[in-house]
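Engineer: For the record, the sequence lines run as chains A and B. The opening residue of the first sequence carries number 1477 in this note's numbering; numbering runs sequentially from there. The opening residue of the second sequence carries number 1477 in this note's numbering; numbering runs sequentially from there.
Careful: at least some of the hints might be erroneous.
[Stated by the list, open to error] Listed next, the in silico DSS-like pairs over lysine-lysine satisfying Cα-Cα at most 27 Å (straight line):
#1 A:K1526 with A:K1575
#2 A:K1526 with A:K1636
#3 B:K1636 with B:K1575
#4 B:K1636 with A:K1526
#5 A:K1575 with B:K1636
#6 A:K1526 with B:K1526
#7 B:K1526 with B:K1575
#8 A:K1636 with A:K1575
#9 B:K1636 with B:K1526
#10 B:K1526 with A:K1575
Quick caveat, the hints were computed from the structure, so don't treat them as lab data.
Number of protein chains: 2
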Amino acid sequence: MENGPVEFWVADAEYRHGAVDLLGILAYGALAAFERLAEDARRAPTLADKVRVASMAATQVTHFERVRERLSELDAEVMAAMRPFHTAFNAYHDHTRPKDWLEGLVWTYVGNGFAADFYREVAAFVDADTRALVHEVLDDQGQAEFVVETVRAAIAADRKVAGRLALWGRRLVGEALSQAQRVAADRDALTSLLTGTVDRPGMDLAAISRMFTRLVENHSPRMARLGLQA
Amino acid sequence: MENGPVEFWVADAEYRHGAVDLLGILAYGALAAFERLAEDARRAPTLADKVRVASMAATQVTHFERVRERLSELDAEVMAAMRPFHTAFNAYHDHTRPKDWLEGLVWTYVGNGFAADFYREVAAFVDADTRALVHEVLDDQGQAEFVVETVRAAIAADRKVAGRLALWGRRLVGEALSQAQRVAADRDALTSLLTGTVDRPGMDLAAISRMFTRLVENHSPRMARLGLQA
């Protein structure tokens, strides 16, 4: 327990703004994922798939509720915390509408993977309670496994699927990076969270840029697990 | 604890079939409600409404999962238990597609209310563990309150809304009764659950008919709470 420094951080207004921004992204991301998964559940090819995806959607609501609680411990309101990120998330959604069930699954898998990597990177720079929550929310409870198996089976049944989904995966990462960079540019509080202060560890701007590079690098092994070229 | 008679019931094949039917309806009903609420969340007028309805949708998934567990304690599989009720539920959904957010809320409110009354009636005739689950699943956690407030506010803002929603409520009950009666006619196991046996309490057919009458009678006070004529 690093109780001393943690409380010092949370009392620091600049730190607090950054943490609230991070949690706001996490909350709006969970809602966005819920909406995507709810739509996927609607067009699931079997009732068993529908149940599986509905349960993934429900998990996102639980995440949202946990993040809302943490925000409230930080005296912040979830609706206000999410507001700065509507534009970026909505633009991402508008530019990446899955045309079918498989594209929806890849959307979830790539999006969750990208988000998970980003949160893990950022979590190193937040207080212990917020970090614990971030890790809890990121625990995907075998959901990735379900997507991997389903996509691999679809490719095995029809090789043409692989080319189309590989293109789709590239499009998703390009859009995600573009929106992430827009957010990084717009939100000084979030960037300050990452760069740190004299009293608080952080990354310099070159390190932030390397972080984005790592996010892109991690995309390839993820696509490979699906049986796709990145 | 009435452990003796309860275990006797569950060991009775006829009783068990009826209970599995009831749980199958409960499971498929929860999935159907999830799909309806997920669609409502998509078109919620505000982000706060979206969060509220998404959380209602997630609750339905939790209900589904609890019912699946109980079925598995009865050595039954949820997919098989739901199968006999696809037709009735799907027909109900096809015939009652809400045109907007308010119709969606009334759908949830009337449907949940009707279902809750039905389950409470039937719960008297099942074993204690199943009855406890039915009551747990029916606990609506203040969701009705949210619908009542939202619909009343919409009517206050525009009186014309009341006439349209009253008609809609009548349509919903008519469809629900028609599907419920189809299920009662098709599913001997469920009807046997209600009529009982020498060893197990039940209703005679006239009592079942009175139960349907009570279900319709309860619709009026429910609509009145919304500020609507039944």
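Engineer: Each hint should be assessed against the structure and marked as holding or not.
Structural biologist: Each hint, compared with the structure:
1. For the hint pairing K1526 of chain A with K1575 of chain A, the CA-to-CA distance comes to about 17 Å; that is within 27 Å, so the pair holds.
2. Using a Cα cut-off of 27 Å, the hinted pair K1526 of chain A and K1636 of chain A holds, with the two alpha carbons roughly 25 Å apart.
3. With a CA separation close to 16 Å, the supplied pair K1636 of chain B and K1575 of chain B stays within the 27 Å bound.
4. This hinted pair does not check out: K1636 of chain B and K1526 of chain A have alpha carbons roughly 38 Å apart, beyond 27 Å.
5. As the CA atoms of K1575 of chain A and K1636 of chain B are separated by approximately 38 Å, the hinted pair breaks the 27 Å bound.
6. In summary, the hint linking K1526 of chain A to K1526 of chain B is supported, as the alpha carbons are separated by about 21 Å, within the 27 Å threshold.
7. With a CA separation close to 17 Å, the supplied pair K1526 of chain B and K1575 of chain B stays within the 27 Å bound.
8. Restraint check for K1636 of chain A and K1575 of chain A: satisfied, since their Cα atoms lie roughly 16 Å apart, inside the 27 Å limit.
9. A C-alpha spacing of about 25 Å is found between K1636 of chain B and K1526 of chain B, which places the hinted pair at or below 27 Å, so the restraint holds.
10. With a C-alpha separation of about 23 Å, the suggested pairing of K1526 of chain B with K1575 of chain A holds against the 27 Å cut-off.
In this structure, the earlier hints numbered 4, 5 are contradicted, and the remaining ones agree with it.
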